[in-house]
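The numbers in our numbering rise by one with no breaks, and the one at position 24 of the sequence shown is 5.
Treat the hints as calculated values from the structure; they're not laboratory data.
Careful: at least some of the hints might be erroneous.
[Unchecked claim] BS3-like mimics (lysine-lysine), calculated; alpha carbons at most 27 Å apart, straight line:
{"id": "1", "residue 1": "-3", "residue 2": "35"}
{"id": "2", "residue 1": "90", "residue 2": "34"}
{"id": "3", "residue 1": "90", "residue 2": "35"}
{"id": "4", "residue 1": "-3", "residue 2": "34"}
{"id": "5", "residue 1": "90", "residue 2": "-3"}
{"id": "6", "residue 1": "-3", "residue 2": "9"}
{"id": "7", "residue 1": "34", "residue 2": "9"}
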Amino acid sequence: MHELGVTFHIMDHVEKVAEENEVSHVRKVTLELGEVSTVIESYLQNCWTWAAKKRPLFNECELVVEALPAITYCEDCTETYPTVQYGKICPYCGSEHTYLLQGNEFNIKEIEVE
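Let the sequences and hints guide you as you build the complete structure.
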């Protein structure tokens, strides 16, 4: 389960930002999570709940996850389409000359502090 490592990475980064800004408690962290990012939200939430109890800065800190849909772009017909539904083959023209525009992100969007 790499979600635990991801959780530690997020918390380490937020701790660094909190220290730089003299913050003593983080109330909420909002993440943008791409649909095909390979991070499973329910596992991430479970890891967050466990790890937040171990670090005073995150005591009762809420993790909010905003899902970003996976969107693919076709270079031949210039259309975009939902990646998960159609995969690499463009549903408009049948081309394989496609690439992912969004959907594999994993970003800290917002940190709410006291």
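Has the given pair, residue 90 with residue 34, been kept, meaning a C-alpha gap of at most 27 Å?
Since the Cα atoms of residue 90 and residue 34 sit roughly 22 Å apart, the hinted pair holds (cutoff 27 Å).
For the pair supplied as a hint, residue -3 and residue 9, is the alpha-carbon distance within the 27 Å limit?
Distance of about 15 Å is within 27 Å: holds.
Taken at face value, is the distance from the CA of residue 9 to the CA of residue 34 at most 27 Å?
Since the Cα atoms of residue 34 and residue 9 sit roughly 14 Å apart, the hinted pair holds (cutoff 27 Å).
Measure nothing beyond the straight line between the CA atoms of residue 90 and residue 35; if it is 27 Å or shorter, mark the hint as holding.
The given pair, whose Cα atoms are some 23 Å apart, holds under the 27 Å limit.
Does residue -3 pair with residue 34 here, judged by a C-alpha cut-off of 27 Å?
holds (18 Å)
Does the structure keep residue -3 and residue 35 at a Cα separation of 27 Å or less?
holds (16 Å)
Holds or violated: are the alpha carbons of residue 90 and residue -3 at most 27 Å from each other?
holds (16 Å)
Consistency with the previously given hints is maintained throughout, with no hint failing.
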